[in-house]
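On the provided structure of chain A, position chain B as indicated by the hints.
Here is how the chains run, residue by residue.
Number of protein chains: 2
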Amino acid sequence: MSASKPRIGFIGLGIMGRPIALNLIKAGYALAVYARRSQAAQPLADAGAKVCASPAQLAEQSNIVFTMVSDTPDVEAVVLGEHGITFGAKRGDVVVDMSTISPEATRRMAAGLEARGIDMLDAPVSGGEQGAIDGVLSIMVGGKAEVFARVRPLFECMGKNIVHVGDHGAGQVAKACNQILVAQTMAAAAEALLLAQAAGADPIRVREALLGGFAYSRILEVHGQRMLDNNYEPGFKSKLHLKDVRIALETAIVAGVELPGAVRVAACLDELVARGDGELDSAAIARTIWGRASLD
Amino acid sequence: MSASKPRIGFIGLGIMGRPIALNLIKAGYALAVYARRSQAAQPLADAGAKVCASPAQLAEQSNIVFTMVSDTPDVEAVVLGEHGITFGAKRGDVVVDMSTISPEATRRMAAGLEARGIDMLDAPVSGGEQGAIDGVLSIMVGGKAEVFARVRPLFECMGKNIVHVGDHGAGQVAKACNQILVAQTMAAAAEALLLAQAAGADPIRVREALLGGFAYSRILEVHGQRMLDNNYEPGFKSKLHLKDVRIALETAIVAGVELPGAVRVAACLDELVARGDGELDSAAIARTIWGRASLD
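Here the protein sequences line up with chains A and B, keeping their order.
Be aware that the first sequence starts at 153, since it is given in the numbering used here, and climbs by one per residue.
Be aware that the second sequence starts at 153, since it is given in the numbering used here, and climbs by one per residue.
Just chain A, same shape as in the assembly (with noise of 0.2 Å):
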């Protein structure tokens, strides 16, 4: 990387998106930003961000491409379809899809990316919203080790895990293994509230009481005590965890692997879903559990 900072594009300004970016713009970078939105776009334009009216446009004046989009086709859009990213970008330039989507769709198009002379890297991220803001994201990086090294100073603005778990697409491997981890241990936790309010134990002591032993997970810590609370205020919306645990499915599927926990735990967000719960904080995923069991 020359002596002089890169130009930095940002698509993508949701609740996710924004955070991130106004950090890079704290840090010192001059941002491009675009979102189908352009409304979301207002508080970077704020902050002093440039606003773009399409990612090609965005890409041109940029060297380095953040995405941080919902799902497989938003990234594919944005990146391939009309005035993407492709129709801007300059070879040399580096793609950097923070969305959590599809392996195979991301190789596939980093591959297509790697025959213009565009690099790529896959780099979704763990921490939610407050570890957006906070700056302090665990961020999962697929692709070349050249690229991931010149990109690190950028997602040391956002992170504090950052760790390159292989080639292209292995950190979106790497954060459907996330995914399906954080549900079922969610689920567990669950069970665990309603066994100890069922047999006769306060489950808000039984939660203080595994949280010092080998049951202690983030998890149990903050969505078991959402659980409590019955608060499913997002937080992270159980229709995008849906999303993200059957891209492990699928994932699991291509790989000739298994994972009979992490289906069952779809079915569970799949059932929350279909009620009309899309919107809550995956926690909900317990009112499932629970049926008609309440817990207060």
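Wrong hints could be hidden among the right ones.
Just so you know, same-sequence chains aren't split out, so a pair can sit in one copy or run between any two.
[What the hints assert, rightly or not] Straight line, CA to CA, 20 Å or less: simulated DMTMM-like cross-link-like pairs of lysine to aspartate or glutamate:
| # | residue 1 | residue 2 |
| --- | --- | --- |
| 1 | Lys296 | Asp226 |
| 2 | Lys391 | Asp226 |
| 3 | Lys178 | Asp354 |
| 4 | Lys389 | Glu423 |
| 5 | Lys242 | Glu402 |
| 6 | Lys391 | Asp429 |
| 7 | Lys202 | Asp223 |
Source of the hints: derived by calculation from the structure; they are not laboratory data.
Chain B alone, transformed into the frame defined by chain A:
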């Protein structure tokens, strides 16, 4: 409690009981001990404990009697059986059962002891052999608050997170919750590592990445590493974890709630024990999930 230190008895000097009893001696308490296998008492005798010929004889000379044995029938035998604690205990004595057993059986025993003027606490632990040695166990206590207060200084020689969870049996309920949460988190961690490996990411780096985010758990940290190292030296034996999960499932049936996730991991542990791996650490549940897939 009088100003003089209570006289303590300790029954069951296995992997967990021995280091706990030794910590009481280190804290300056005079200890009477009993073990079915007399050679198990030797390290305690060497440390100055008085070895008794039966639980009854031990109870005669103690005010507070701890039990740390394997299963419900073992506790019942030691408390109620021939030469059992009840044949030596006096009014005002306390029996503190640290074993992991049925909450229902605990409530029955507590009622039987109470009829003779003897108090009982159930106080199962989490934290494993190392936690017992280091005196940092998590202790989940059920029983009367005033009895808990009386025994608390002794618990503080053994553990760090000491929680009075509720009335008789509530400590065992908390432990049951702990064990189904731990088993499910282990199974979920094994699925995550399997997916990582199968889908072309490095499971070592995936675990590292996941530890920095919401997927963090003590299980992923400690037992995830065991899985990667294929190191299933106990630790906590899978046959005992199966016993504990079965207690939880029986407790759930009595309480009228369904725990499908716990049922699923019980089947995994059952398969593990059935194929002769019951002596392995319960993290070996990964072997039932990985099937023919190998992580090296």
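Evaluated hints:
no. : hint            : result
1   : Lys296 x Asp226 : neither (23 Å within a copy, 59 Å between copies)
2   : Lys391 x Asp226 : within (16 Å within a copy, 48 Å between copies)
3   : Lys178 x Asp354 : neither (45 Å within a copy, 33 Å between copies)
4   : Lys389 x Glu423 : within (14 Å within a copy, 36 Å between copies)
5   : Lys242 x Glu402 : neither (33 Å within a copy, 64 Å between copies)
6   : Lys391 x Asp429 : within (8 Å within a copy, 40 Å between copies)
7   : Lys202 x Asp223 : neither (25 Å within a copy, 68 Å between copies)
Violated hints, listed in ascending order, are 1, 3, 5 and 7; each of the other numbered hints is respected by the structure.
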